[in-house]
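J.: Chain by chain, the residues:
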Amino acid sequence: MSHRELLKDGSFLWLKSRLAEYYRKAQLELPENLSSREFAVQPLGSQSYIRHLSFKSEEELRRYITNNPPLHLYYSSAIYLFPEIKEMDQKGYLGSELIFDIDVDELQECRLMEQLHVCLDCGHSMYGNKVKKCIKCGSQNVVEASPVPDDCLKKGVETAKHLSDILKRDFGFEEVKIYFSGNRGFHVRPKCSEECMKLTGEDRREIVDYIKGIGLDLNRIAGFERDESLVPSSDEPGWRGRIGRAIYEKLGIRSGSSITWAEAKKRIGVEGVKALISSLVLDIDEKVTVDVHRLIRIPGSINGKLGLPVVRLEEPILDSYSIRCELSPFKEKVLVKMNATIIDKTIMGVKISAYRGEKIELPGCIAFPFVLKGIAEVG
Amino acid sequence: MENVLDYLINKGYLPSSTNLAEAISLLGAGKRVIEIVQDALDGFYKLEDEDMRLPLEAIAFHTAIILMGRIGGKWLVNRLSISVSKSMREELNLLSDQDLVLLSKLLGLHTFYQDATITRSQKSGPSMLYPFSVSFYSYLKSTKRLTGDPSWKLTNQMLLKGRVLLDRRRFIRILEELIAERVSSLYEKYADLMKLPSLPPPIQEIEAYLKESLANVLSKKIVEGRDYAKNQPLSIDAFPPCMKKIYQKAIEGENLSHAERFAIATFMIAAGADEEMLLEVFSHSPDYKEKIAKYQIEHLMGKRGSGTKYRPYSCAKMKSFSLCIADCGTRTPLQKYYLNLKVKNKVEDQSDSI
Ligand code: SF4
Ligand SMILES: [Zn+2]
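Protein sequence lines, in the order shown, are assigned to chains A and B.
Per numbering that gives the first Met the number 0, the first sequence runs over residues 0 to 378.
Per numbering that gives the first Met the number 0, the second sequence runs over residues 0 to 353.
Treat the hints as calculated values from the structure; they're not laboratory data.
Every value quoted in this text rests on a predicted model; they were computed, and no experiment measured them.
Using N, Cα and C, we set each Cβ at its ideal position, and we do this for glycine too.
Among these hints, one or two may not hold up.
Quick list of simulated restraints, FRET-style, between CB atoms [unchecked claim]:
| hint | chain 1 | residue 1 | chain 2 | residue 2 | range |
| --- | --- | --- | --- | --- | --- |
| 1 | B | 166 | A | 55 | 50 to 56 Å |
| 2 | A | 253 | B | 45 | 52 to 58 Å |
| 3 | B | 212 | A | 171 | 49 to 55 Å |
| 4 | B | 328 | A | 126 | 39 to 45 Å |
| 5 | B | 45 | A | 110 | 23 to 29 Å |
| 6 | A | 250 | B | 92 | 40 to 46 Å |
| 7 | B | 166 | A | 161 | 24 to 30 Å |
From the derived model, a few chain B residues whose C-beta atoms are all more than 12 Å from chain A [claimed, not checked]:
| hint | residue |
| --- | --- |
| 8 | 34 |
| 9 | 38 |
| 10 | 101 |
| 11 | 193 |
| 12 | 208 |
| 13 | 274 |
| 14 | 276 |
| 15 | 334 |
Build the full structure now, drawing on both the sequences and the hints.
T.: Structure (structure tokens):
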């Protein structure tokens, strides 16, 4: 995406000043073992990361990011003896947090979600799923102009909550934090004990498989093919309980009474039962969990894709969580020149109507992603 | 029972080769050492657990490990470890639940028995059928070699509050695994003694005797294995670091995880290895079963099942399994291999021309 490198001076300086101001005061949630983590940044206007940074203290980190306000800011899930060394095998790996990532556009129901896109060449705007090519002029210079739709965000929240429940109930984690990544993802992070930090990549894969139900042997664990067997009761551990809860809930049967598989199959149908069970599989991104050398967006830092900070969702987490201007730290209005025509659209709760070439005032929350993507420019 | 294990595993620590030699001659344990080695190879080691003979058994056992390590490397020691754990099965079956729990603690496993935090949340069944529980961390660690069987997969376990609930039979199986692991770990513990150029007289003689009597069995397994790298078209030298490591592990008879097995097999197939070579690599595994290995390899080569030839892992995939150990800058281990081959051939060419 070359438009980022083509950021006009005025736009670049405006974005930079916004970020610098933000990072002067930003509340970053940093780990105790900060000096054992690798930090990485993607500077504004650059396509690549600067990796293997290491800081002794929060002050040192803050000095760095206020002088070079980054578009994206990460630390490693892993702790190292020498986080600043480039070669993985010499870093002195000591362990890694257990991280789960939910990407809203990877959720079964949201793979086809539609967002507003605009063409930066002709200014045309259009709805669609991951639009790659302008329907008007054929240009491939098309970018997203609206965030993830509310219903998909809601699915993301539900999945994250469900995952958090499994981590607590099944895996026994006492504290599980859920973060909105600032664009379209959720990070779910259990408090990782020393034992947990030492889990190998393979152990982590087993955990992912458990959560996704990979290798689930329905017949062995729940007697699925033996019609006279009872559907497992809701309070049983592991997948037995998960399956039991789903079926009894679906049939509206109170806990305490139970039915046989034959009965369940008669009432929901064999396919219905199977579909119900596969709906229990959580769509988490296994690559993230299995890889012990991942970089994670720092809570409190700005996600440079949409200009929103990574925030922790505190209990009770509302299912109605949605992306609104209020989430943005950028409040001030700014005068921009529009590079696209967007008529009567509501984005992040703000109504927008403007033609390509028109100069309008936009609230900072919209201006930030618009200017960054080239949909609008400053100065 | 606890005593025996204790003796075998903990108390038998022998500080130096001279002490060991003295003990052997004092107790007249030489004959037993030889028996143990032979039994291990035949796969039915049985420990002598009469109280009177415990010290002798312990000395002989540890000496056997040292000699096996010297003669046959880790592979041979692993053979013994599997043999020991199997021989324990019967005895474990005779123990009460409580004794099993005690033993598990000796083996370093944090076990819970009919634990209230679990039972309370259960109105019925499972806690009675599954009276044992271990943390999922211990479970994952101690079942690494068992997960080829889907019934051991974490997905299919009763997992509650961080604990995997187990019935008696499965709990005993885990103990067997831990015992085997304990015994194999003695290989590292005695590394120094295994490296000594020679041992004091009575042991040296036992070693000489064993070397000779095992020459046949071992030459097939080990000598072949060691020289294998030299006599074949694949250049092990040019393997990328990740594959070298897995290969080494295989040859030393360490157990490979699923991912490791898959990685090395598909890599070697793509690099031109034939079925026989692969069988040879896997044959060092202590619980090697030729039929199964053969089937798996044929499957990977696309000769069986769906007929798809499996693609070797990319570097990214290797990374995701934590199997990547260097930053070679290539996309696949195969690329790195070919690069290395080129460099190697160049060097060889140059050394040919003066
Ligand atoms: S970079 Fe690729 S070839 Fe090199 S060690 Fe890692 S996985 Fe193997
Ligand atoms: Zn266009």
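J.: Indicate, hint by hint, whether the structure satisfies it.
T.: Here is what the structure says about each hint:
Between residue 166 of chain B and residue 55 of chain A the C-beta distance comes to about 52 Å, which sits within the given range of 50 to 56 Å. Distance hint for residue 253 of chain A and residue 45 of chain B: a CB-CB separation of about 56 Å, consistent with the stated range 52 to 58 Å. A hinted range of 49 to 55 Å holds for the C-beta pair residue 212 of chain B and residue 171 of chain A, which are about 53 Å apart. Take residue 328 of chain B and residue 126 of chain A: their Cβ atoms lie about 42 Å apart, and the range 39 to 45 Å holds.
Roughly 60 Å separates the CB atoms of residue 45 of chain B and residue 110 of chain A, a value that falls outside the hinted 23 to 29 Å. For the pair residue 250 of chain A and residue 92 of chain B, the supplied restraint of 40 to 46 Å holds, since their beta-carbon distance comes to about 42 Å. Range check, residue 166 of chain B to residue 161 of chain A: Cβ separation about 29 Å, and the 24 to 30 Å hint holds. The non-interface label for residue 34 of chain B is consistent with chain A: the shortest C-beta to C-beta separation is roughly 38 Å, beyond 12 Å.
No Cβ of chain A comes within 12 Å of the Cβ of residue 38 of chain B; the nearest lies about 33 Å off, and the non-interface call holds. The Cβ of residue 101 of chain B sits about 23 Å from the closest Cβ of chain A, beyond the 12 Å cut-off, so the non-interface label holds. A cut-off of 12 Å between C-beta atoms confirms that residue 193 of chain B is not in contact with chain A; the least separation is 27 Å. Here residue 208 of chain B stays apart from chain A, with its beta-carbon at least about 41 Å from theirs, past the 12 Å limit.
No Cβ of chain A comes within 12 Å of the Cβ of residue 274 of chain B; the nearest lies about 27 Å off, and the non-interface call holds. Every C-beta of chain A lies more than 12 Å from that of residue 276 of chain B, the closest at about 26 Å, which supports listing it as non-interface. Distance check on residue 334 of chain B: its Cβ is at least 18 Å (rounded) from any Cβ of chain A, clearing the 12 Å threshold; non-interface status holds.
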